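**Student:** Residue numbers (my numbering): 17 to 644.
These are computed hints drawn from the structure, not numbers from a lab. From a predicted model like this one, the values you see are computed outputs, not experimental measurements. Every residue, glycine too, gets a C-beta built ideally from N, C-alpha and C. Be aware that a few hints might be false.
What the hints assert, rightly or not - Just the calculated beta-carbon pair ranges, DEER-fashion: (1) D531 <-> P136: 54 to 60 Å; (2) D364 <-> P168: 49 to 55 Å; (3) A169 <-> D289: 47 to 53 Å; (4) H81 <-> P394: 47 to 53 Å.
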Amino acid sequence: MSKRKWIAAGVTGAAAILAISMFPSRTTDKAPIKQAEIASPHQEHRLKQHLLQRDMTATDRIVRHDARQHTKEMSRKFGNSTPKEARTYIRKLQDDHKHLLSVVWIGKNREQELGHSDFPRGSKEEHQLKSYVQLAKYSLDKGRSYESPAFPADNPRYFVTAEPARESKQGVIALFSLDILDKVKSHQRKNLRLIPYPKEGRYKMESFNTDTLKDTTVRTGQDNEKASHYYENEVVVTFRQPPTREELRQIRKDLRSIIPYQKINNTYIFHADGKNMSELKSYFISKWNPLYVEPHYLYLTNTSSAAQAESLEDTPEVPNDLLYSEYQWNLPIIETTRGWKLTKGKSDVVVAVVDTGVDLKHPDLKGRLLPGYNVISPSNKPMDDVGHGTHVAGIISAQVNNNEGIAGMTWGNKVLPVKALDSSGSGTTYSVAQGIVWAADHGAKVINLSLGNYADAQFLHEAIKYAFNKDVVIIAATGNDNTERPGYPAAYPEVLSVSATDASMNRASFSNYGDYIDVMAPGESIASTYPNNQYAALSGTSMATPHVSALAALIRSINPDLRNTEVMDIIRKNVIDLGNPGRDKYFGFGQIDVLSALQAAGVNSSPLQLWPQFMENRLNTITGQRVH
Numbered sequence: 017m018s019k020r021k022w023i024a025a026g027v028t029g030a031a032a033i034l035a036i037s038m039f040p041s042r043t044t045d046k047a048p049i050k051q052a053e054i055a056s057p058h059q060e061h062r063l064k065q066h067l068l069q070r071d072m073t074a075t076d077r078i079v080r081h082d083a084r085q086h087t088k089e090m091s092r093k094f095g096n097s098t099p100k101e102a103r104t105y106i107r108k109l110q111d112d113h114k115h116l117l118s119v120v121w122i123g124k125n126r127e128q129e130l131g132h133s134d135f136p137r138g139s140k141e142e143h144q145l146k147s148y149v150q151l152a153k154y155s156l157d158k159g160r161s162y163e164s165p166a167f168p169a170d171n172p173r174y175f176v177t178a179e180p181a182r183e184s185k186q187g188v189i190a191l192f193s194l195d196i197l198d199k200v201k202s203h204q205r206k207n208l209r210l211i212p213y214p215k216e217g218r219y220k221m222e223s224f225n226t227d228t229l230k231d232t233t234v235r236t237g238q239d240n241e242k243a244s245h246y247y248e249n250e251v252v253v254t255f256r257q258p259p260t261r262e263e264l265r266q267i268r269k270d271l272r273s274i275i276p277y278q279k280i281n282n283t284y285i286f287h288a289d290g291k292n293m294s295e296l297k298s299y300f301i302s303k304w305n306p307l308y309v310e311p312h313y314l315y316l317t318n319t320s321s322a323a324q325a326e327s328l329e330d331t332p333e334v335p336n337d338l339l340y341s342e343y344q345w346n347l348p349i350i351e352t353t354r355g356w357k358l359t360k361g362k363s364d365v366v367v368a369v370v371d372t373g374v375d376l377k378h379p380d381l382k383g384r385l386l387p388g389y390n391v392i393s394p395s396n397k398p399m400d401d402v403g404h405g406t407h408v409a410g411i412i413s414a415q416v417n418n419n420e421g422i423a424g425m426t427w428g429n430k431v432l433p434v435k436a437l438d439s440s441g442s443g444t445t446y447s448v449a450q451g452i453v454w455a456a457d458h459g460a461k462v463i464n465l466s467l468g469n470y471a472d473a474q475f476l477h478e479a480i481k482y483a484f485n486k487d488v489v490i491i492a493a494t495g496n497d498n499t500e501r502p503g504y505p506a507a508y509p510e511v512l513s514v515s516a517t518d519a520s521m522n523r524a525s526f527s528n529y530g531d532y533i534d535v536m537a538p539g540e541s542i543a544s545t546y547p548n549n550q551y552a553a554l555s556g557t558s559m560a561t562p563h564v565s566a567l568a569a570l571i572r573s574i575n576p577d578l579r580n581t582e583v584m585d586i587i588r589k590n591v592i593d594l595g596n597p598g599r600d601k602y603f604g605f606g607q608i609d610v611l612s613a614l615q616a617a618g619v620n621s622s623p624l625q626l627w628p629q630f631m632e633n634r635l636n637t638i639t640g641q642r643v644h
C-alpha cells in the first residue's frame, strides 16, 4: 500500500481508555499457573492502591540506592582529586541530577558546602535537616555511612546520605529530593486508572455502544472501562476527493472556525467551538458526502543446538548495572540473560517508541537514541515531559554493563523516539497515527505502542496497516482496566497485543484479558529510566509491552530475513505456557521466553512451524524475487 493510499479512514464505534502501566526459578516441570478470580471493582481498586504503594516504595529504594552510589563517588573524588577537580565534578553532577540539592564536604578542620537547601529559616524542614546532618557527622566521625529517614514525616520530600572518605573523620554529606515520588504517584493514579482520566471538561466521555455513542460521565477510576475519549468540538473527515481551497474556505465559514485544520492526504481534522461532535458529523454527512466521519479520539498511556541450549541454561550473563541484581526481576524471569548468549541486538534494527517522548539527556540512554520526531511540536525535539516514554525506552535499550542504573533488554538496538502524546500523557488519533506513519517511513523495524483506547478508529487502523505493510512489527499494550473489552490498537489483527504478569507469573490484577491477547510479559513494579537522570518503578501493560518490542528487535537482529508475520509467530509459539494448556483468554499463548524465541529464530536452523516461510525466503533469495 502506498503512503498516498493509507489514509482511507472510517468509523465503527467508541469505547474506553487503555494504559499509557524476588522471582521464581524457571523449571520445565512447573505446574501450570492457575488463573485467579476476576476481581470485583472494589477489590480491583484496593489491589491497584496496594500496587501504587509498592511502586512508590520501590522507587524510593531505587532513588536511595542511586544516591548512595553518587555519594560514594563524591567522597572518592574529594579523597583522590584536587579540591578544584572535586568541586567541578560535583557541580556537573548537580547540573545533571536536579534532585541532588546540596553537598557538604567534611575535611580536616573545615567544611565546604556546594548548593543550598533553601529551607525557610526556622522551618520544620530546616530543623530536621540540621538534626540529620548532625547524625551524619557523628557517623562520619566513626567512619560509617549514614542514611536518614525521609522528612518531613507528614509529607516526605527529602533525605540525607553520608559516606566516609579513606581518611578518618572526613567524608561527604548530601541532601537529596524525593519529588519523584509525587510524580510517580500522579503518573500511576492515571496509568492504573485510579482516578477519572482525562478529566471531564476538555474531553467528551462516551459509553461503549457502536450504534448510539450514548453519553456517560466518568466519576471513578472503574468508570474508565466503559468510556472512550475524544475532543468534544472536533471531527475527523475523510473526503472522497481532496477538497478545493474554495471548498475549505466554505467549510471554515460554515463552522465559524478560526483554528487551522490538520490533514493527512484526504483526511482532515476540523474544529468548531460552537458545535459538538454529533453536530459536526451531521454537517459533513449532509453537505459534503465524505467517505468517513468519526470522532477525533484520544489515546492514553498505558517495557541453536540442544548442546548449545544446555550450555546457555547453565551460563546466564549477569550485567553489572547497579540496580539490576536487586530490582530487575523482570529480565531473568523471561530468560533474557541466557538469550544474550545468542544475540544482544544490532544497531540497524530500530525500535520506535511512539509515546510521550524520551529524556534525550539521560546518561543511561546515551548512545542508544536516534534523533526522532515530535508530532506535537515538529520544530522541537521529542523530549519527554511526562516520564512514560523514558521509562518505556529504558526497558528496551538502556545501556548494559556500564555500572550505572538499569540494564535494558538489548545492548545494540537503537530507539527512535516519536513524541505523539502531550504533557498530559494523552494524544489524539491524528497524532498517534502520524507518529506511526513517520516511524515506518524513517527506518523503524519495530514500533512500540504503550497506549490506546477502546475506540476502533479506522483513521488509526489505516496507519497501523500502512506500517504493517512496510514489514514493521507493531506491538501494543492491552490496558489496565481488568476488562475483557477489546482495546485498540492492541486488538487489530496486524498488532501483537501484550498483557501483564507479576513476579510469580500470575496475571497482574489490573491487566486486561480476552481472546485477542497474544502474549504476556512482566508489568508490575518494573524499574527503568525516568526524566532528569533518575530511575523509577512503574506498573502497567505499558511496561509489559516494551519487553516484547525488545524481543522482536532481538529476533530481527539474529535473523534479519524474517518478515514481520514470522517474527510475531515466533514470539507467540515460543513462550512459557501459563494458565490452561495452549492459548486462553487470560494469558494468551503465554509469557514470552527470550531464549526459546531466539533459538527458534536462529539463522542456522529453521523452526518446523516456519518451514514453508523459510523455504520461500530461501527460494526468493536465490531467484531474486523476494515476496513481501
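**Student:** So the hint says 47 to 53 Å: do the beta-carbon atoms of H81 and P394 match that?
**Tutor:** 38 Å, violated
**Student:** Just to be sure I understand the hint, the distance between the Cβ atoms of D531 and P136 should be within 54 to 60 Å; is that true here?
**Tutor:** The hint (54 to 60 Å, Cβ to Cβ) holds, given that D531 and P136 are roughly 59 Å apart.
**Student:** If I claimed the Cβ atoms of D364 and P168 lie 49 to 55 Å apart, would that claim hold in this structure?
**Tutor:** Taking Cβ atoms as reference, D364 and P168 lie about 51 Å apart, which means the hint holds.
**Student:** Starting from the hint 47 to 53 Å, judge whether the C-beta atoms of A169 and D289 obey it.
**Tutor:** Holds, since A169 and D289 (Cβ atoms, about 48 Å apart) stay within the stated range.
The structure is inconsistent with hint 4 alone, although it conforms to all the rest.
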